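Colleague: For reference, the chains in residue letters:
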Amino acid sequence: MKKFIMSNLSRLGPLLGLILIMIVLGFASDNFFTLDNILNLLRQVSINALIAFGMTFVILTGGIDLSVGSMLAFGSALTAGVLASGMDPILGVLIGLMAGLAMGAFNGVVITKGKVAPFIATLATMTIFRGATLVYTEGRPITGLSDSFTFEMIGKGYVFGVPFPAILMIGVFFVLFFILHKTVFGRKVYAIGGNEEASVLSGIKADRVKIGVYALTGMLSVLAGIILTSRLNSAQPTAGTMYELDAIAAVVLGGTSLAGGRGRIVGTLIGALIIGVLDNGLNLMNVSSFYQQIVKGGVILLAVLLDRRSK
Amino acid sequence: MKHLYKFMVIALLGILLAACSTESPGSSSEDTESGDSGEGNGDISIGMSISTLNNPFFVSLRDGAESAAEEAGYDITTVDAQDDAAKQVNDIEDLLQQDIDVLLVNPTDSAAVVSAIESANSEGVPVVTVDRTADGGDVVTHIASDNVAGGEMAAEFIVEEVGEEADVVELEGIPGASATRERGKGFHNIVDEKEGLEIVASQAANFNRSEGLTVMENIIQGTDSIDVVFAHNDEMALGAVEALEAQSMLDSVTVVGFDAIEDARTAVSEGRMDATVAQQPDLIGEEAISAVTSIMNDEELEEFIPVELQLVTE
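As given, the protein sequences belong to chains A and B, one line each in that order. Numbering-wise, our numbering puts 191 at position 191 of the first sequence, and it's gapless, one number per residue. Every number in our numbering is 1000 more than the matching position in the second sequence, counting from 1.
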């Protein structure tokens, strides 16, 4: 019985943490629990959440992807470039997403076929993709995108008053939830993370699954980048710098083990919400940005320590 | 039955499409609320979004604004975008959630900040840009250093130091950049009027110290006599100092820079440079708050409010 409570407590830990933080912020700031602010919050969270969803898959296989921010920047610059040249916005988005898929797959190939540790491989590609972005943009922001309604909708749009990025985030969440928990692919992801050798012996083509997982992360990072480009109406060559840290933090806050094989994507959604709520709430409370970073880091540290205890 | 399904799906899609918009849902109702906020002086709240507090210039700017706001009895909330354009947009939206009366923005990027300024516009919150301009949206006024006056100040100092008969070298910044244009314009306003002051060389060294060095070396080789060097920023001036020192010409040449960066201040106090023009970020912050006061009193404001510069000579 005690074991049952403990195991459920650790599963519910992130959610309880989120609720606790929200209650505290609700008392501290009158503007926190307004509908406007909650919608505003969901839109802000969507970018990190999309990247963190991909990161969850990667971390579940026991890997890590440090190149997400750079892929985001390159995909967003490419999409903006296509749009600025006057082509169809939907085509621009598709080209960007394909580039994300290709960059992610490249990561996967280097890691599996080149047998390079994910940390090192993606550290290298992080620099390469960032460099490619700077070459492509010549170090300047790309502006003068089309006034296409479709493209503006992606980042700035509302459907029944709900920000479109939030809808996109929730839609992608359900698709990924289904893939992770209801398909063979999802089961293979867990199996590889649990024990890669055993999974290979049992006939799983681990390399293929891993390449797929990194490709998915690349595509999701670019999707986040496209939202950003639409919101900023421009592509910034330095966009996404350090975004890998927020994404990894969201995954870890959500209770996914960095060793792989254990964790859930719901946790990541909650983790991303915790980070977003902290950023938003501390801003509303007029906390100095220097202290904000200490609070954020402290919460992440606390979450990981509590997670260790409950095991 | 099948037709009914089809009809329902189409109808649903239609409704969804009709519900799509890029207008913020609360935008139209907000305008009426913001009207009553200007009455009491005590509860005026200002939101200020700074590009980065990792740069002493912007820290002084914030300090100037915050102390002026405190004096005027305004509430001020400062957020730091850490040089991330996306974070700045989020920050500004967070500020707008707090029903601020005026938004002060120091953009990280002139293009990327536009959507955030547009959200402020749709909430009826007046926007003032500080130090860097925005490419779009409705901005009440822009507050920044008066680079033209700074260029004039440097030229007047030169006239005072060496008189009206001298050979002058001008090291220009990145061609076309606003600082290059404005500082050069102010400098020429004075120098072009003095017949004895002859500009013997005028070349771009792109605000860069090592380019300042090589460009100056070339100029020394190609020019007979140099009395004065004016550089559009301190980096180039310090590069020129190196070049002059190598030729042991430094003692006879007056060097004037711009920006008053730490290295330049040291060089001025050591006598290796003669003067540099300092921006006054704290004063920019104070001007921003007096602009807020004017907005709250419904006073007309100029499109651009220049802030004075200061000459550093020791």
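Read the hints as simulated data drawn from the structure, not as lab findings. Fair warning: this is a prediction, and the values are worked out from it, not measured in the lab. Be aware that a few hints might be false.
To spell it out: a stretch of chain B is covered by chain A in this simulated footprint if at least three of its residues, at any positions, have a beta carbon under 8 Å from a beta carbon of chain A; those stretches are [stated by the list, open to error]:
hint	stretch
1	1071-1082
2	1282-1289
Stretch-level coverage of chain B by chain A, calculated; a stretch enters the list once three of its residues show a Cβ under 8 Å from a Cβ in chain A [as the list claims (entries may be wrong)]:
hint	stretch
3	1085-1094
4	1141-1155
5	1188-1200
From the structure, some residues in chain B lie toward chain A, with a derived Cβ separation under 10 Å [what the hints assert, rightly or not]:
hint	residue
6	Asn1055
7	Thr1108
8	Asp1109
9	Gly1163
10	Asp1167
11	Leu1250
12	Ile1261
For every residue, glycine included, the Cβ atom is placed at its ideal position computed from N, Cα and C.
Colleague: Please flag the earlier hints that this structure goes against, numbers listed from lowest up.
Modeller: 2, 4, 5, 6, 9, 10, 11, 12
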